[in-house]
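Novice: The lines below spell out each chain.
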Amino acid sequence: MGLPIGGDSRKLSFWKPVVDHIVARLSSWNNKFLSFGGRLVLLKFVLSSLPVYFLSFFKAPAGIISSIESIFKRFFCEGSEDHRKIAWTNWDFVCVLKEEGGLGVRRLGEFNMSLLGKWCWSMLTDKEGLWYRVLKARYGEVGGRLREGGRHDSMWWRSICRVRGRVGEGVGSWFDDNVRRLVGDGRTTLFWFDHWIGETPLRFKFPRLFDLAINKECTVKEMESLGWEVEGRAWEWRRRLLAWEEDSVRECSEVLHNIVLQVDVTDSWRWLLDPVHGYSVRESYRFLTTSCEQVDRSLVDDVWHRNIPEKVSLFVWRLLRNRLPSKDNLLRRNILHVNDLACVTGCGASETAKHLFLDCDLSYSMWLLIWNWIGISVVTPCQIRDHFIQVSFMDRGLLAFG
Amino acid sequence: MHKVLAKVLANRLQEVIGSVVSDSQSTFVKGKKFLDGILIANETVDEAKRMKKEPLMFKVDFAKAYDSVDLNYLDSVMANMNFPTLWRKWISECVGAAVASVLVNGSPTEEFPIERGLRQGDPLSPFLFLLVAECFNILMKTMVEADMYTGYSVGGMGEVHLTHLQFVDDTLIIGKKSWQNVRSMRAVLLLFEEISGLKVNFNKSMLTGINISDSWVSKAAMVMNCRMGSIPFFILGASHWWGFKEAEFLETGC
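Sequence lines, in order, name chains Z and P.
Just so you know, we're using the working numbering here: the first sequence kicks off at 1 and counts up by one.
Just so you know, we're using the working numbering here: the second sequence kicks off at 1 and counts up by one.
If we strip away everything but chain Z, and leave its shape as in the complex, we get:
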């Protein structure tokens, strides 16, 4: 599958090959024989990688993203295509990163954004390439950056600008906020435009001064050598300044007061999420999807262990979140009648996940056997979560001694 040249990425027909590709891949899998864990692996490593080639160049419209994701959802939650089943887990939950207690399936929208962010990054760092020169010839450069917002901009360029600038998706200008200019000798850093000091570029911090400045594209080096003290020759204005404008010049030069340029270091860009290696799609994806909620780390780490088969881990994951088809859950979804609630072992109690795995006579005696076998006696905690933590903690202790 190649990339289409000269198509319109807003149209549905443009994305048809991608969707078809995914559907074709799906149809050859016989879902009936796949476990939940197996489906998770297929989804994460095969299905969600199929559109990557397209997504790393084109911005997918929201409609396409959601229709691809709904294919994913149906595959993962419902299994077979011919009849619908209960979606046991909330999709948002499935998409949360594994480190935070989800299943780590990619969200295509955010992933698309972080892939396109790579272009924004190389636009800053790789100005020698032919591709940059083509863009420059077409759009022109203002303030060290390609001009945007023209009438003849291509769809691709518009979507890149949207990634770069402020987007109405709640993240703000995630890209610009994470990029800083590291000033060395100051030869290639633009004084007003680049984000090199303080919280915002100087042209946003001192908008009036920027408007009045004669030479807007001067570099830090030029400004410094002219002298940026209050009376320095670096400040050239189009007219005499008013009193409050004088004040902001004073404020500005106070900000600059402590800056010393290093002669033998060239200026460079820094990606705040990964200062050492520069832009990485993984880090920005993490940034775009991370929620602020506190994570219960012990729980998260122990479910996924490389010695435990994926489907077992997933089963425990579902158990801890009470997402298994135990009878009380089925009742809540109006599948069973209230009268059918009795536990399958025939002990007479009503069946819940907790009852099934801890309290029921059968499972309780099983646990006793296990304790006996390991050769310790403990009080069994009465919550599944506590029980899980106890067992996994004990396991770690045994490993340490053994």
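It should be emphasised that the hints constitute simulated quantities derived from the structure, not laboratory data.
The C-beta atom is built at its ideal place from N, Cα and C for all residues, glycine as well.
Errors might be hidden in some of the hints.
To be verified - Partner residues are not named here, just some residues of chain P that face chain Z (Cβ under 10 Å, in silico):
hint : residue
1    : K3
2    : V4
3    : M57
4    : D170
5    : V223
6    : R227
7    : F233
To be verified - Label pairs and their in silico Cβ distance ranges:
hint : chain 1 : residue 1 : chain 2 : residue 2 : range
8    : P       : S92       : Z       : V19       : 43 to 49 Å
9    : P       : A146      : Z       : E199      : 53 to 59 Å
10   : P       : L5        : Z       : G63       : 49 to 55 Å
With the hints as your guide, set chain P onto chain Z.
Specialist: Chain P alone, transformed into the frame defined by chain Z:
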């Protein structure tokens, strides 16, 4: 053994390949992204559409590109690029030393040396192919200098002239609409075939015009003896390179 050696050579070649291969090649070169070429092509088409320019695009399909590279030619290319003799020996040992025999009616024939073709799946092959394709680049440059071919200029100021883009064996020639260009394209491709052994499959190649009347394009396509394409067209279906089968690789014997 061959596998290890080829990988070592490939790693070393990768370091320097950027200095001998030109800008129009966007794959397998360190520091260049795979998608750079796509970006250029896409922006060019889009600009032409919006600004009512008239570029002519010719998507070249080389028949069995990797299999038909002339190895003697490859060696002389490397000589001209000032690769040291020792290095060239290593390479020719690696690529050209293979012998093959064919099963005829169940019994193998006598072994014969292979004179053509880079092996698919060999880590060296893509880089060596880049060297071969570089020759095409030089041909195009000469044509432009001799005023026999006019590239397409992007932007109002006409700073950047595009003549062609290469994605390893996928080549896209871009030029102004003119009969001379059509003739030159054909001439260059035939010449390239003569030199390198890479045969252009004109039946599968595609000539596409933007803002150019269909009748003109179809006439030109007739001269070129190729198909007429339309926008959008697909490019860089890299599957035939990445999708090589492990089995094929093993059978070549290493």
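Novice: If a hint holds in the structure, say so; if it does not, say that too.
Specialist: Now for the hints, and whether the structure bears them out:
no., hint, result
1, K3, "violated (26 Å)"
2, V4, "violated (29 Å)"
3, M57, "holds (8 Å)"
4, D170, "holds (8 Å)"
5, V223, "violated (23 Å)"
6, R227, "violated (16 Å)"
7, F233, "holds (6 Å)"
8, P:S92 to Z:V19: 43 to 49 Å, "holds (47 Å)"
9, P:A146 to Z:E199: 53 to 59 Å, "holds (57 Å)"
10, P:L5 to Z:G63: 49 to 55 Å, "holds (51 Å)"
Hints 1, 2, 5, 6 from the earlier list are contradicted by this structure; the remaining hints agree with it.
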